[in-house]
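Can you make the complete structure from the sequences, with help from the hints?
For reference, the chains in residue letters:
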Amino acid sequence: MKNKHHIVVETERLKYEFDIRRNITVIQGDSATGKTTLVQLLETYSRYGKDSGVRLQSDVPCVVFGGDTSLWKVAMETYQNSIVFIDEDYSFIYSKEFADVIQGTSNYYVLITRQPLYNLPYSVKEIYGIRTTGKYHYPEKIYNEFYRI
Amino acid sequence: MLNIYFGEIEGAMHGPSWFRFNFREEWFEDPLIAEMMEDIDKSHYKGGQLIESDVLGPIPPERLSGGLQTLICIYKRPDLMFNATSCGENCAKWLLEIGRRIDVSVNLRYYMPFDNCGDFKVRIINEDKKINNIDDYMHIALKYV
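Which chain is which? The protein sequence lines are W and C, in order.
The numbering of the first sequence is this note's numbering, which starts it at 1 and goes up by one.
The numbering of the second sequence is this note's numbering, which starts it at 150 and goes up by one.
Read the hints as simulated data drawn from the structure, not as lab findings.
Just so you know, these numbers come straight off a predicted model, no measurement behind them.
A virtual CB, placed ideally from N, CA and C, is assigned to each residue, including glycine.
One or more of the hints may lead you astray.
To be verified - The calculated DSS-like cross-link candidates involving lysine-lysine, where the alpha carbons are at most 30 angstroms apart (straight line), are:
#  : chain 1 : residue 1 : chain 2 : residue 2
1  : W       : Lys-96    : W       : Lys-50
2  : C       : Lys-191   : W       : Lys-141
3  : C       : Lys-225   : C       : Lys-191
4  : W       : Lys-73    : W       : Lys-50
5  : C       : Lys-225   : W       : Lys-96
6  : W       : Lys-50    : W       : Lys-4
7  : W       : Lys-15    : W       : Lys-4
8  : C       : Lys-225   : W       : Lys-15
9  : W       : Lys-141   : W       : Lys-50
10 : C       : Lys-292   : W       : Lys-141
11 : C       : Lys-195   : W       : Lys-125
12 : W       : Lys-73    : W       : Lys-125
13 : C       : Lys-242   : C       : Lys-278
14 : C       : Lys-279   : C       : Lys-242
15 : C       : Lys-279   : C       : Lys-225
16 : W       : Lys-15    : C       : Lys-195
17 : W       : Lys-15    : W       : Lys-141
18 : W       : Lys-73    : W       : Lys-141
19 : W       : Lys-15    : W       : Lys-96
20 : W       : Lys-50    : W       : Lys-15
21 : W       : Lys-125   : C       : Lys-292
Said to hold, decoys possible - Listed next, the stretches of chain W that the computed footprint assigns to chain C, with coverage defined by at least 3 CB atoms under 8 angstroms from CB atoms of chain C:
#  : region
22 : 19-31
23 : 109-117
24 : 137-147
Written out as structure tokens, the structure reads:
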């Protein structure tokens, strides 16, 4: 997979809009900025599709790895030409095996982690935090964007 | 005191998972938890299992941030060691505050800066060393993460 991909994930109350530019993107930053919520929205969309009330705009599939850790390798090799989001605390992402496996796939990976990824060749330019733009008082809609760390 | 083990260690609990199935409602009535909830999650406890978030509206405790859930676990279950890597940098001052009140041991797998967090005193478990300045902390921490 090549090029930049513009992603919009939206519900009536939340909107995330960002670009994924490289094969490895890292999201980190303060607690309570909406990292897990983004993953939950994408997870919900991949399970229920449009019926979920989540709207997803992307020129490639966005998938979330979740569930049984022992199946990570099969999952990574099964996804093709997709953006794979992996929430924090999956320890396999720090392994050399993970680095080797994903180099042989056609996917982009968005990894949510604060822990250094010594085995992965990622650019310091592709480390982002999430911030809310504008006001954020319930029940107003909340707009989230990525910013470079 | 706040005791920190840097790097991976067996038995460090994953805060958000532990919290989800083990939290107790009465914990939310603790004034320190109310302060942390307001500062980190911009949320306020309303009673029962209802929390009001400035951002998300009414939410259950399970939708608090992973960082706050982990801080609550660290504070309320000092007999366990939790992986504080789930806590972002905005949790640093609260980790120190918990350590000022009780003895807790946490696991950190990234460099958490404690700059501008007030009175600083921690023990690094890896080297069994008490330190009270940020420079020493940085030098030791960066050996491990």
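We went through each hint and held it up to the structure:
| no. | hint | verdict |
| --- | --- | --- |
| 1 | Lys-96/W <-> Lys-50/W | violated (37 angstroms) |
| 2 | Lys-191/C <-> Lys-141/W | holds (16 angstroms) |
| 3 | Lys-225/C <-> Lys-191/C | holds (20 angstroms) |
| 4 | Lys-73/W <-> Lys-50/W | holds (28 angstroms) |
| 5 | Lys-225/C <-> Lys-96/W | violated (36 angstroms) |
| 6 | Lys-50/W <-> Lys-4/W | holds (24 angstroms) |
| 7 | Lys-15/W <-> Lys-4/W | holds (19 angstroms) |
| 8 | Lys-225/C <-> Lys-15/W | violated (34 angstroms) |
| 9 | Lys-141/W <-> Lys-50/W | holds (19 angstroms) |
| 10 | Lys-292/C <-> Lys-141/W | violated (44 angstroms) |
| 11 | Lys-195/C <-> Lys-125/W | violated (41 angstroms) |
| 12 | Lys-73/W <-> Lys-125/W | holds (27 angstroms) |
| 13 | Lys-242/C <-> Lys-278/C | holds (20 angstroms) |
| 14 | Lys-279/C <-> Lys-242/C | holds (18 angstroms) |
| 15 | Lys-279/C <-> Lys-225/C | holds (23 angstroms) |
| 16 | Lys-15/W <-> Lys-195/C | holds (27 angstroms) |
| 17 | Lys-15/W <-> Lys-141/W | holds (8 angstroms) |
| 18 | Lys-73/W <-> Lys-141/W | violated (38 angstroms) |
| 19 | Lys-15/W <-> Lys-96/W | violated (35 angstroms) |
| 20 | Lys-50/W <-> Lys-15/W | holds (15 angstroms) |
| 21 | Lys-125/W <-> Lys-292/C | holds (24 angstroms) |
| 22 | 19-31 | holds (count 4) |
| 23 | 109-117 | holds (count 3) |
| 24 | 137-147 | holds (count 4) |
Hints 1, 5, 8, 10, 11, 18 and 19 from the list above are not met by this structure, while the remaining hints are.
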